[in-house]
Amino acid sequence: MNAAAAAEAAARDSYGRLLAWLAWQWRDLAAAEDALADAFAAALERWPVDGVPAAPDAWLLTAARRRLLMAARRQRLADDPTLTVLWPDAHAAAPEAAPLPDARLRLLFVCAHPAIDAGLHSALMLQAVLGLDAARIASAFLVKPEAMTKRLVRAKAKIRDAGLRFEEPGPDEWPERLASVLEAIYGAYTLHWGLADAGELASEARFLAELVASQLPHEPEALGLVALLWLCEARRTARSEAFRPLHEQDPSAWDAPLIAQADAALRRAAARRAPGPFQLEAAIQAAHTQGRIDGRVPWDGITRLHERLLEMAPTVGARIAHAVALAHALSDPAAGLRLLDAIEAARVAAHQPWWAARAHLLAMAGRHADAAAAYGRALALTVEPRLRAWLAQRLHAEEIARTAAD
Amino acid sequence: MEFVLTFHQPAEVFEVNDDPVRGVEPMQAWRLYMEAMVGAGVLRGANRLEQFAGTAVRVRGGKRQVQDGPFAETKELLGGYALIDVASIDEALKWAERCPGSAVGVTMVWPVRPMPKPAQ
Chain A
1 MNAAAAAEAA ARDSYGRLLA WLAWQWRDLA AAEDALADAF AAALERWPVD GVPAAPDAWL
61 LTAARRRLLM AARRQRLADD PTLTVLWPDA HAAAPEAAPL PDARLRLLFV CAHPAIDAGL
121 HSALMLQAVL GLDAARIASA FLVKPEAMTK RLVRAKAKIR DAGLRFEEPG PDEWPERLAS
181 VLEAIYGAYT LHWGLADAGE LASEARFLAE LVASQLPHEP EALGLVALLW LCEARRTARS
241 EAFRPLHEQD PSAWDAPLIA QADAALRRAA ARRAPGPFQL EAAIQAAHTQ GRIDGRVPWD
301 GITRLHERLL EMAPTVGARI AHAVALAHAL SDPAAGLRLL DAIEAARVAA HQPWWAARAH
361 LLAMAGRHAD AAAAYGRALA LTVEPRLRAW LAQRLHAEEI ARTAAD
Chain B
1 MEFVLTFHQP AEVFEVNDDP VRGVEPMQAW RLYMEAMVGA GVLRGANRLE QFAGTAVRVR
61 GGKRQVQDGP FAETKELLGG YALIDVASID EALKWAERCP GSAVGVTMVW PVRPMPKPAQ
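Just so you know, the sequences run in chain order A and B.
Start counting the first sequence at 1; every next residue gets the next number (this note's numbering).
Start counting the second sequence at 1; every next residue gets the next number (this note's numbering).
If you're looking for bench data, these hints aren't it; they were derived computationally from the structure.
Do not take every clue at face value.
Stated by the list, open to error - Not everything, but these chain A residues come out facing chain B in the computed CB check (under 10 Å):
1. F141
2. L142
3. K144
4. A350
5. L379
6. A380
7. T382
8. V383
9. L387
Stated by the list, open to error - Computed list of lysine to any residue pairs in SDA-like fashion (alpha-carbon distance at most 20 Å, straight line):
10. K158(A) <-> V86(B)
11. K158(A) <-> Q25(A)
12. K117(B) <-> V4(B)
13. K94(B) <-> V383(A)
14. K94(B) <-> R308(A)
15. K94(B) <-> K158(A)
16. K144(A) <-> V86(B)
17. K144(A) <-> K117(B)
18. K158(A) <-> L49(B)
C-beta: ideal position from N, C-alpha, C; glycine also.
Chain B with its partners taken away, still in its complex shape:
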């Protein structure tokens, strides 16, 4: 079963992680975490996201509304994601628990709904 883990963290956490001195320990934890997922053979893909540069697009009454991030209403910014393939939701939750981001922010676990492949 595939799941997407999304890593949400407060803005201060990103500042710490990007700091060449204070960021050493948390970034090592992230590296070890990703290596553990690779080692366990569950990781299908992962990326950092530009957590301040998101853009929201809505269409209301046929009109496009575009809003630039960061979005004031969300305290926690989406900073990355991982796609994992594990046997069960329980195992996915276990990986979310191990995530360094869970200790300072929140890791969301999204079951992937299989979609038919688009026609060529």
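Same shape as in the complex, but just chain A:
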């Protein structure tokens, strides 16, 4: 890692830590963000003159807390002048030198709270814990920056006004609450799939998954999610390279240590004997990865994993992947096509992966004209240039095969 990347990583780490701690103490995410932004601005002004303080985090924290205190005093004064003197300085008694208690997990639980619109969980996390600005987040979600800003402001007001607790949830709500945190992180990760500057967002989401797994090392699903993202990252080809589906990739280009790390996490998760969607998803990816390295993909086992996954989370994506796996396991594309056709048409009419999977199975069945048409539809639904190039190539190959068959 070079110096710039190291500095950026440090800033990312401290921003989330400081904000989480301030938000936890003040129970007001928006106010904490404003105060921290002021503190960073003050640091930019002062540090070049006074020199960088010995404990930069403590400096930033003190500055941010002073802002919060001043704002609170003003507010109290406006509400009730007699209270001003009584406003305690208890908030000031933060650990100056001692390491800051890491409140980021609490913040993640607040961001993915059931009272907050599920569609905003990922966006809130990216902003609150990693400090991404609304414009970047908006472009990832393909919405207007002003619209995203408005939604985030509204969500933060709700956090404050509804008095959402900045605490880890109790045992009764724990599984459900953890699941929404993990889902939002995965959602943040999948955002990068359609983007040109994909690497940044992918590594931000990976950072969140690693944070949760390191704080909850005994949660099998937290381990499952981090293993899944590590496997995806290990195979993510360099951005300049052309898109290749898994079965066309060169395993020697993969990040072997990261794959080993994912396998180890998955084994630790499996030892707890509480399978969940992310563990199954990671196990499927691990089987594909190992299958490519060994030269033989275990389609039977992969199909069984998909069946278990469908029992837990019958999403459209899971149903598509299962259809493809079954077709390969039975060497029967028609069986896979029947499963694809069983998905309600309205849900997949504009869903690129469904059309690409359908095209793949039609080509496997030797129905080249239909395969070409399906690749054409997948192409029209895709904007990612590398994926477009690959689909266009497949479309072309099927058109040639069709002409040859005529």
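Position chain B against the provided structure of chain A, taking the given hints into account.
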């Protein structure tokens, strides 16, 4: 919610698209795009426009002023439109992003303001 997508592209793009050889690929992309909108059940109507033959009409001080296109001040010509019916502006923006014209020109997304039906 209804939206009108308007497809604006530089004059050179229309030349390429109308060329029997160079136009094959872009026109296939347009055809696939329109078919995808039909397939998704969002398309309510669409048309090509004669991008060089627009006429501007203004009334100033009670007098009609007519100006023939193409208009020098606009580099991008309006070559067509589509009326779509989707659940949200986000979905409309997604269709605009998928438009082949967005890669070479600009696709504008206009929310349709519902109007009372004119009396018979």
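Cross-check of the supplied hints:
1. The interface hint given for F141(A) is met, as the beta carbon of that residue sits about 8 Å from the closest beta carbon of chain B, less than 10 Å.
2. At about 6 Å, the closest approach between the beta carbon of L142(A) and any beta carbon in chain B falls short of 10 Å, and the interface hint on this residue holds.
3. Proximity of K144(A) to chain B holds as hinted, the smallest CB-CB distance being about 8 Å (cut-off 10 Å).
4. Using the Cβ-Cβ criterion of 10 Å, the hint placing A350(A) at the interface with chain B is satisfied: the shortest such distance is roughly 4 Å.
5. Using the Cβ-Cβ criterion of 10 Å, the hint placing L379(A) at the interface with chain B is satisfied: the shortest such distance is roughly 6 Å.
6. Checking A380(A) against chain B by beta carbon gives a least distance of about 4 Å; that is within 10 Å, so the hint holds.
7. Of the supplied interface hints, the one on T382(A) holds, with its beta-carbon coming within about 8 Å of a beta-carbon of chain B, less than 10 Å.
8. A least Cβ separation of about 5 Å between V383(A) and chain B falls short of the 10 Å threshold, and the interface hint therefore holds.
9. Proximity of L387(A) to chain B is violated relative to the hint, the smallest CB-CB distance being about 12 Å (cut-off 10 Å).
10. Taking the CA atoms of K158(A) and V86(B), the gap is near 28 Å; set against the 20 Å cutoff, the hint is violated.
11. A threshold of 20 Å between alpha carbons decides the hint, and for K158(A) with Q25(A) the separation of about 17 Å falls inside it, so the pair holds.
12. For the proposed pair K117(B) and V4(B), the alpha carbon gap of about 18 Å is at most 20 Å, so the pair holds.
13. The hinted pair formed by K94(B) and V383(A) meets the criterion: a straight-line CA distance of about 9 Å does not exceed 20 Å.
14. About 33 Å separates the Cα atoms of K94(B) and R308(A), which puts this hinted pair outside 20 Å; it is violated.
15. Under the criterion of a C-alpha separation no larger than 20 Å, the hint pairing K94(B) with K158(A) is inconsistent with the structure, at around 28 Å.
16. In summary, the hint linking K144(A) to V86(B) is supported, as the alpha carbons are separated by about 17 Å, within the 20 Å threshold.
17. With a C-alpha separation of about 31 Å, the suggested pairing of K144(A) with K117(B) is violated against the 20 Å cut-off.
18. As the CA atoms of K158(A) and L49(B) are separated by approximately 47 Å, the hinted pair breaks the 20 Å bound.
In the structure shown, a violation is registered for the earlier hints numbered 9, 10, 14, 15, 17, 18, in ascending order.
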